[in-house]
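Visitor: Going down the list, the sequences are from chains R and W. Sequential numbering of the first sequence, starting at 1, is according to this note's numbering. Sequential numbering of the second sequence, starting at 1001, is according to this note's numbering.
It is possible that some hints are incorrect.
[Claimed, not checked] Just the calculated beta-carbon pair ranges, DEER-fashion: (1) R:Glu72 x W:Tyr1069: 45 to 55 Å; (2) W:Glu1120 x R:Gly127: 11 to 21 Å; (3) W:Asn1103 x R:Lys117: 17 to 27 Å; (4) R:Arg182 x W:Gln1047: 11 to 21 Å.
These are computed hints drawn from the structure, not numbers from a lab. For glycine and all other residues, C-beta sits at the position ideal for the given N, C-alpha and C.
Number of protein chains: 2
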Amino acid sequence: MAKKEISSAVIKRLPRYYRYLGELLEEGIDRISSNELSERMRVTASQIRQDLNNFGGFGQQGYGYNVRYLHEEIAKILGIDTKHNMIIIGAGNLGLAIAKYANFGKRGFIIKALFDKNPELIGKKVGDIDILDMDMLESFIKENDIEIAALTIPKGDATAIAQEAVSYGVRAIWNFAHTDLRLPEYVTVENVHLSDSLMRLSYNIRWQEKDDING
Amino acid sequence: MAKKEISSAVIKRLPRYYRYLGELLEEGIDRISSNELSERMRVTASQIRQDLNNFGGFGQQGYGYNVRYLHEEIAKILGIDTKHNMIIIGAGNLGLAIAKYANFGKRGFIIKALFDKNPELIGKKVGDIDILDMDMLESFIKENDIEIAALTIPKGDATAIAQEAVSYGVRAIWNFAHTDLRLPEYVTVENVHLSDSLMRLSYNIRWQEKDDING
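This is chain R alone, in the form it adopts within the complex (with noise of 0.2 Å):
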């Protein structure tokens, strides 16, 4: 499993086959040939070859693919075959969305408390999981091993949280506010920034139609 022999363009795609794998083990199908995932995934066969040869080739021609041997590789390769302890800081709709969505779980990520500074909200439950006062995160934090925070709040306390989150310990950045973080070069940040998504919409709408029109 040598991270420096695969590329970043195929790091970029194993999600989606560990999707795709998670998918066929719920339905039961223990193998599968380049050419059916090809057909599920809509990619080229050739290239699910290329970029399922990086993990050993376990593909033979006429028997295809061990679904739950690939899907176990892959996880590893993803860091998700251990447990990641995490927190939401911001409880508002969106970071109770993801407090409540159960898949994460499954994947590892234990979702262990959310934090916000509303009086309203502090001492409640959100499933198992407690509404924590900010006072409480540095504590929070060191005794309990988080490494990763998601940031479900707006953009302008954003980076200061984090850089306090991150020198009480944390690791990594989910980051949902709209802003780029301004964090030590070690901290992993993963943005989800929205609006940016949706103006890639906009843009695929506004193009469509005028390709539509012109041709």
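Model the placement of chain W on the given structure of chain R, informed by the hints.
Guide: Chain W in isolation, oriented as in the chain R frame:
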């Protein structure tokens, strides 16, 4: 404003330029040099000059970019200089989070209604926006010239419901369901796969560790 001359790599970066230019306007900054913008965006000045030269070369040596002009030009290219009528299908926490996020409205994405099949939600309001019964989907889309449907429902029903919305006239799906939709090619689909994003984050944590250990 010729689309064909702009590479898809530049297009992908446009929402980020748009965001930074918007922040500059909020701060009352009208002109900015590529060097200053480079420092803010943590992109090389030469990349910024290359990217922004696509839009007519309105940066001048020693004078800088006209922030408002550039902001407006990029808005046109992104198709956010006109209004887009949108509905949200799925009035769970994620649907509510999107409905309440005022910035989408500011960028011309007008949320006209939420839809759900849960009788306890139907008839309620989120701010000014009604939560309607799925039975109303067809007439509402047709009567309100709905272009975009945000899909904030579990993956099981997602493709069927997206197909239904498209058959009534929706032209673009903003898909939060954890699956790839099967839709006609002329439909614009923009996916927000949160689990995929979390796996990329996990991948970065894992290999950052190894790099730390291995030097």
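Visitor: Is the distance from the Cβ of Glu1120 (chain W) to the Cβ of Gly127 (chain R) consistent with 11 to 21 Å?
Guide: 18 Å, holds
Visitor: Just to be sure I understand the hint, the distance between the Cβ atoms of Arg182 (chain R) and Gln1047 (chain W) should be within 11 to 21 Å; is that true here?
Guide: 19 Å, holds
Visitor: Is it true that Glu72 (chain R) and Tyr1069 (chain W) lie within 45 to 55 Å of each other by Cβ?
Guide: About 54 Å separates the Cβ atoms of Glu72 (chain R) and Tyr1069 (chain W), which means 45 to 55 Å holds.
Visitor: Taking the CB of Asn1103 (chain W) and the CB of Lys117 (chain R), does the distance hold inside 17 to 27 Å?
Guide: 21 Å, holds
The structure meets every hint from the earlier list without exception.
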